[in-house]
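Protein chains: 2
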Amino acid sequence: MQRNITAEILSIGDELLYGQIQDTNSHWISQQLDGIGVKVIRRTTVGDERKSILAAFAASASVADIILMTGGLGPTRDDLTKPLLAEYFQSDLVLVPEALEAIQGFFNKRGRELTSTNRQQAYLPEKCTYVHNPVGTAPGMWFEKDGKVWMSMPGVPHEMRYLMENFVIPKIKDIFPLPIIYHKMIKTVGIGESWLSDMISDWESSLPSHIKLAYLPSLGEVRLRLTATGNDQGTLANDVEKQVEKLLPLISKYVYGYNQDTLATVIGQLLNQRKKKLALAESCSGGYIAHLITGVAGSSDYFNGAIVPYHNTFKENVLGVRQHTLINHGAVSEETVIEMATKVREKFQADFGLSSSGIAGPGGGTADKPVGLVWIACSSTDGCFTRKLQLTEDRMVNIQLTATAALNLLRQTILKETE
Amino acid sequence: MQRNITAEILSIGDELLYGQIQDTNSHWISQQLDGIGVKVIRRTTVGDERKSILAAFAASASVADIILMTGGLGPTRDDLTKPLLAEYFQSDLVLVPEALEAIQGFFNKRGRELTSTNRQQAYLPEKCTYVHNPVGTAPGMWFEKDGKVWMSMPGVPHEMRYLMENFVIPKIKDIFPLPIIYHKMIKTVGIGESWLSDMISDWESSLPSHIKLAYLPSLGEVRLRLTATGNDQGTLANDVEKQVEKLLPLISKYVYGYNQDTLATVIGQLLNQRKKKLALAESCSGGYIAHLITGVAGSSDYFNGAIVPYHNTFKENVLGVRQHTLINHGAVSEETVIEMATKVREKFQADFGLSSSGIAGPGGGTADKPVGLVWIACSSTDGCFTRKLQLTEDRMVNIQLTATAALNLLRQTILKETE
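So the sequences go chain by chain: Z and L. Residues in the first sequence are numbered consecutively from 1, following full-length UniProt numbering. Residues in the second sequence are numbered consecutively from 1, following full-length UniProt numbering.
Rather than coming from a laboratory, the hints here were simulated on the basis of the structure. It cannot be assumed that every hint is accurate.
Straight line, CA to CA, 20 Å or less: simulated SDA-like cross-link-like pairs of lysine to any residue [as the list claims (entries may be wrong)]:
#, chain 1, residue 1, chain 2, residue 2
1, Z, Lys109, L, Ala367
2, Z, Lys277, L, Asn4
3, Z, Lys51, L, Asn4
Every value quoted in this text rests on a predicted model; they were computed, and no experiment measured them.
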């Protein structure tokens, strides 16, 4: 088989080394390269320091075909990537009119003045190919030398992603002979990694050698990724789909989607197909479920609205939960989430009403209602379904797990799979 | 001045390079080392491959005094760190009775049988110091050679943290003469990095050589980090605070907090101090502002609740915006956000009502109301203040920028700094 095309990911910035920013870029870039069959062989992070950056350039060139850099492109003094690339490629910094135009446009659009510092960003190494960055002011820079390619991108995640998706990935696919890879992601929710692996272990051991399985757990979800490597896309797709057919019966009730699907996008599709509307009453999840739903483009087609009655008074006044219920059962109770779901469904004239109430923590726990206790409910024409959750001590983790469990309860209710 | 004590952080594992697991360990270790004045000069991630790992060992030894490794210590065949450390330090693997005892204890405690694979974990390079790991089965390994120290730790975050806190950090402080480091982060909002740098360039050039400045931009915010290095904590704190005093007058209206502060925590403090309550009416931000507010522990003390009237019908029915306003001015208008903010403030009996309405995109834009157009308003006893924003084409970015701008408008309203 042909040799691997290799890549090094280079992250530049003191803020990374000092632990002030978590480097999510390298992780994301790794996933993208893996997805197109490029083998990431190393990731290196260095600070804003001439010697280390130049050493990293040389080290990368010695091991990888593709060198992808992020960071150090800001207009300020501590940003060294651009001048050092110019030095490394023995190239002068010259004004690139297109770049200046783009930066000017970026500022005009926002009705802001272009400063001399911003103008500097239009000066690029003569030997690089200018790559337009419409979502920021730092241009991308593409270099080719000795059969290796280099790309320098801003460290701002959405700018880096734009350049990767619209320029780098297509360009790499175009230049390098990459093996044919077929990925299929099976998305599961509501079951832990070890239980899942026990349920599918026979199937897993029967996988052909050209298909690999990876478990990718995240909060409340486990993604199963099948990766087939070979020479023909059609054959690989076929091989993988055959395996998925065998897998599904084993775990069908936990599978909510594939590949780019998220619980929020899948729910959007289910509601649109049925022309149904959704409303939310969020207490402990505090608006996070609404954020996940409205993060999906077009969600206004099926999402009517939400109420976050954070203080109990307003569970009563604004949402209409009966005082009697709150007093006799408390805000964190099955009775309360049922009324929350039902009332919000009425108020927003929706087909489904989803609610949450719990103790997110770290404070507020009691002996009978400890931190991490959460009730969720989904009200529909088929009735109201509830779940009791006992989560963690961590507030943010509890908010996320509540949202995942609630969205899954909604999904099951729409599909009438609540048992 | 004494030279820096330097460290390299080495993460080992294919799952990192393939983007299957986000490497949070390096980030956490960076923070710990930074906190004790060790200069992290590089972070490297390599896969489970003999050649790359040995090369990484040699490269680390050539640049750092301290080499901290995580990963590759599992009992399975693809875990190479231990055998390769033995090879690198020309040392045989020998059974360490204490290690075996610890592993046995770990399994007994869980009523599980010790497998031969697990027994292997008790074999360690003869030249290393065995480091007890009570929270897992992979022991830590400490090496000292040519004035450099090496520590190998499991990749499981809580195991790594235990070993760092209970062994590595104290040991490093004990062995190396560490400088004193003092950090101060100044958090700004509502101004871009380049404008900021223009406003403070004179101050920046006048900084003493032992104080360094870094710009850390993120969506809608820029953090300024001052780092002072020396021998006395008190003196450094003093030096830095003096500089901050000089800096503040130049950018006071943009500074919202320091160090760990976020807009949401600062707003929480401002509201608590004044015993004031907050309510939200979110359209285009879709619950994200509520999520940021409720992400703060104790937010129930000052956050009464939110309404997300996503569909226009409910801006009227649930929130009480006048039909007349929606028809004559549209949902995305100054008039509408003013009514949203005022109505939600009334409904939730709050002192401040904050609202947003805009076109998040990618669809829904028109000639006079393009994607990225957002109106925000903050209603208070002093009146209602509004801002018009023209943001980006990216839905998620628009949601985040809207939240940041709205929280800042709220902060200014509370402080009566709205001009």
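Hints and how they fare:
| no. | hint | verdict |
| --- | --- | --- |
| 1 | Lys109/Z to Ala367/L | holds, 14 Å |
| 2 | Lys277/Z to Asn4/L | violated, 61 Å |
| 3 | Lys51/Z to Asn4/L | holds, 15 Å |
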